[in-house]
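Asks: In case you want the letters, here they are:
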Amino acid sequence: MSEQIQRSWKINNKTREVRFAPLARLLDVLRDQLGLLSLKEGCGEGECGACSVIIDGELQLACLVAAAQVDDGASLITAEGLEALELGRRLKRAFDRQGAVQCGYCSPAMLLGGYALLSERSDPDEEEVRAALAGHLCRCTGYSTIVAAVREAAQSGQEEGA
Amino acid sequence: MIGRNVTRADSQDKMAGATRYTADIAYPEMLHGVTVRAPMAHGRIRAIRRREDAGVDWSRIVFATAQEIPGQKTVQMIQADMPFLAWDEVLYKGEPVAVVAAPSPAEAEAARQAVVVEMDPLPTILTLEELVRRHEQRAPGLEELSRWHVGHGDVAAALAGADVVLEDSYTTPHQEQAYLETNAMIAVPEGDGRMRVEGSLQCPYYVAPAVAKMLGTDLDHLHVRALPMGGAFGGKEDFPSLLGGHAALLAHLSGRPVRMVLGRAEDVAYTTKRHPSWTRIRAGAKRDGTLCGVEIDTVFDGGAYVTMSPVVLSRGAIHAAGAYLWPAVSIDAVAYRSHTPPNGAFRGFGVPQTIYAIECHMDRLARACGMEPHIFRMKNRLKPGDRTATSQILDETVASREVLEAALSMSGFEEKRRTLGAARAGGGRVARGIGAAFYWHGAGFTGGGEAKISARVALDLCDDGRAHVRVSSTEMGQGSHTVLPQVVAETLGLPLERVVVDPPDTALVPDSGPTVASRTTMIVGGELVTCAREARARLLEVTARRLGRDPGRLTVEAGEVRTTEGEVLGELGPLLVQALREEGARRWTFESQHRLAPHIRWDEATHTGDAYATYAWGCTVAEVEVDLDLYEVRVPRVWVAADIGRAVNPVLARGQVEGGTLQALGYALSEEVGVRPDGGLLRHRFQTYILPTTLDSPRIEVRLLEVPYGRGPGGAKGLGEMPMNGGAPAVANAIEHALGVRIRDLPITAEKIFHALGDGVGGQIGAEKRGLS
Amino acid sequence: MSARPTTFSAPTELGEALRLLGATPRPVILAGGTDLWPQWTAEPGAPRPAAVLSLHRLAGLRVIELVDGETLRIGATCTHRDLVRSELVRSCCPALAEAAGTIGAIQIQNRGTVGGNIANGSPAADLPPPLLAAEATVELASRAGTREVALDRLFTGYRTLDRRPDELLVAVRVPVLPAGALERFRKVGTRRAQAISKVVGACRIVLEDGVIARVGLGFGSVGPTPLRLRELERWLTGRRPDAGTAAEAEARAAAAVTPIDDLRSSAEYRQYISGRLVRRWIEELP
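Chains B, G and E, in that order, are what the protein sequence lines are. If you read the first sequence in the working numbering, its first letter stands for residue 1, the second for the next number, and so on. If you read the second sequence in the working numbering, its first letter stands for residue 1, the second for the next number, and so on. If you read the third sequence in the working numbering, its first letter stands for residue 1, the second for the next number, and so on.
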């Protein structure tokens, strides 16, 4: 196909090459080309948060990002990459213990939201956790277990001196 | 195992993004299917044309109308009135008229846009308001989809003898299930005239017969597999039969796999919703607060086709008088057709609508008798031995007192009822209130329903050393595929890791009934206990024979077979493998089929008798804050006491209560779809259909109570739906406590409060009149 | 498919961007894309632009600086999160930082830009009200040069700006909060995050000797464009902020706005809220 744009990104600490059409969504490039299926299309218009991804340390919505606006050398984290990260593992353990996963559709993105928050603030209070996760809709849990899980991950990080 | 907070079997995969939902799955040569929809709410189709001038290469497109359907052209449900693809009369805007499939989503979309559906319009009825107007005036033009009467006694006489009579009506709107994963199905031809349909669906045994009939084939040639679901809440109970049929038709015509995934706006605009409702209640009580009688008239908007309306209406009617003892009761419930997308199942299934009405009404009736609402409820609550509206005599599994006491004490209700209300916080600019709702929910299918379903389950002990649960129950997030293994592991004595759930595929599992109606743990789990007991007995018997022991002196403990003296004979898993090998068998299969408890008597036609084998009981208390300048409502805290018989997995059980409660709060305060004048749904995007975010949700405190039901595993009753029933009336009652004004129509938005308190831009004037500022 | 693939340009120099803006076909400007992007991609079959000019590599546009000691200059591609975290914005125009923190949620704030929020022209945009109240201006650059336009003259009609098609909004200039002045901001949305405003308003008030010396009032979602309530500002100037002033200001504010009924809210409620916000701000003055 003509007019393809090429990029080289570091995704979950691994360099990947992609090519895509000018108006390709980052969501489709990550899912269809790189098989990163943790990103879900819940609404396609930036309301539900299920397509969240971390780009150069900032939590973004992949359905709203033009892939062409992600330059060479950008560093991305998806849920697939959390197992290799200490904070990622800590969050997953906490989510499991608190019962914060039900249908699981919001979970990968929700974990990234928790990861982004705890990367910046090591001991957020409940209000701060809620504000940080306000861009992630969950229809199953009522949010209580998710908020508790992020706070538990923060506490256990404090205890471990992480 | 029962009562343990076992972590979910599927959470690791879900968190890592490794779980494959339908939209994550692709097959070689797969086509993408989309639906062509009618442009008008009511009319006759004149022509369906494919444009040749739209740049579409039709040779690459698979195109089908009703003409291409080989077998039954309507979807087999309770009735078979709804076409897979309309061919003559269209009954709602967006009704499927044709389907197309193409090698890429973009081509499929272009083809969809290039199909023209010409129609001649017919008159429409589009809103609940219009249905109610005609209903009350007995005006012509209404088409009944379903009707039930429930009751006993002479209500007229009872009301005549009452000291206090209160009459009013309440309405509830559409509510969208808003599962995070939209509806999606894939049909895959398997060769030799066989086809597999898989996708996001709650009930493989609903989809299979419907699609088989459409293709003119049978369940030996058409099997349906439920894939992991990103939420469902009832929204994937009947709709998948339609979508699955579409995918299967395209796969049948093309010989290739076809995947259909709805976009969000399409999903909200055209799939099933909670029925809008109007309920008028006329209730009477004695001055001392004793209930005399109640007359209830309720109208449900069924949308264009019958779908689940008879059962939704039935459940709504059975619960409509609330969890109270009425000497005389008359409930008339009717569902009418409107020219809007057919409504269907959503957690609660008719009960959130009618409980909303009665619970608001009971608060007001209490005050009309000069009683505090919680005392009024406690006084009139149903107790063991009481007679319900269907004339069922309740047994000992009634937990009405327990849940009321627990919720009231957890929340400090009595004290706050005195101190909030008239008090003002925030420098006088915030009103606070507290409100309660008390409710029940029949567990399992109504009345004869479980007898009709006759749930079948199977448990295989296999030579992989594991027990395989074979049921048609699906996992939509509620945890069925964790809880059922827990139940089996406990009874069988196998470690949990050795109990697995086989894919709910109609080719592999028996029909355990649909995953709905709060029945999975109780009914399906109950039958699995039977299988597991038999399996354990067989294993012990065979092991005893093999080892030359007395089977009566063998037992299972901590995953080991031991003698009653404590001698360990071996681990269960390896012993199982050995036993099978000796017999030359790959597996032992144990099956069980549900039979209604013999004492259950239900007359469907008159809706009298034992509506449900047992009920779960609940009480929700909500505290609210209302900004007296902006009229925004905040719910800082909610308490829920829920009797569920037995919590097989308390963390998962709490998850159901918390999640259902927040859905109920959304129903109360912000969720509303609306119907446009052309019959389309108004708020059909996530930008406009307002779901609660983390900042809109309260702290929810849950207390689980256990008044056991003998036939449920460990005493478990149904749980999944009940939390939906209490949130909205609790909030409505709290708002009345805070403001002194009753908003009867959900959702209770700031605009409605403003209009109720004020008179236009002089809103302040209205508030001052009521001493509120 | 007969549609030609879209041309996508991402210049690194402003001059190049301005040259491309003058080209044919004229590209659509893409900053964060949170408003524009879903229009092209959310609904299947939606029309797509022939050419797109991305601003993301124009590093010079993502700056926040104090110029001449009195004006805060904010580059157009600063994100809402940049505003929330900037000490300069928080001290020079606190209502603007607050407003930026109410847009969407974290993900949207990390991506949406000041320039986009203004140039999109939505009457419901959340940043124009505090900018209007502060008497902000915008810089519009083209190959012909740069001109400065007062924000309250920028919006000429519903989703229409006084911006030539070859002009790029490159910065917003906000007068620094004067000593003794205060600002207020309130967004009333359909929920507490991820919400489009039903009413959004801001004020900047300078008090001198217990009298309102200067006041700016900016509102959104209550008319076809973001509104500055100039007549009410004139009326308030020189008055004491007592109960009488507050009550009369409420009525005047309600009368000054022209909201509509829509799927989010009602005209009456919006009118009432506009008035009530102004009243509260005045009542709460020291």
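Calculated from the structure, these hints are not laboratory results. Just to be clear, a hint being listed does not mean it is correct.
Computed footprint of chain B on chain G; a stretch qualifies when at least three of its residues, placed anywhere within it, have a C-beta under 8 Å from a C-beta of chain B [to be verified]:
(1) 59–70
(2) 657–667
Within a straight-line C-alpha distance of at most 20 Å, the following computed SDA-like cross-link-like pairs (lysine to any residue) qualify [as the list claims (entries may be wrong)]:
(3) K752/G / A59/E
(4) K286/G / D386/G
(5) K752/G / L263/E
(6) K383/G / G289/G
(7) K286/G / K452/G
(8) K383/G / A368/G
(9) K416/G / G715/G
(10) K452/G / L596/G
(11) K383/G / P636/G
(12) K452/G / P636/G
(13) K752/G / P25/E
(14) K752/G / A267/E
C-beta atoms are modelled at their ideal positions from N, C-alpha and C, and glycine is treated no differently.
Asks: Now tell me if each hint is right for this structure.
Replies: So, going through the hints one by one against the coordinates:
no. : hint            : in the structure
1   : 59–70           : violated (count 0)
2   : 657–667         : holds (count 6)
3   : K752/G / A59/E  : 48 Å, violated
4   : K286/G / D386/G : 19 Å, holds
5   : K752/G / L263/E : 14 Å, holds
6   : K383/G / G289/G : 17 Å, holds
7   : K286/G / K452/G : 42 Å, violated
8   : K383/G / A368/G : 24 Å, violated
9   : K416/G / G715/G : 35 Å, violated
10  : K452/G / L596/G : 9 Å, holds
11  : K383/G / P636/G : 32 Å, violated
12  : K452/G / P636/G : 44 Å, violated
13  : K752/G / P25/E  : 49 Å, violated
14  : K752/G / A267/E : 13 Å, holds
In this structure, the hints that do not hold are numbers 1, 3, 7, 8, 9, 11, 12, 13, in rising order.
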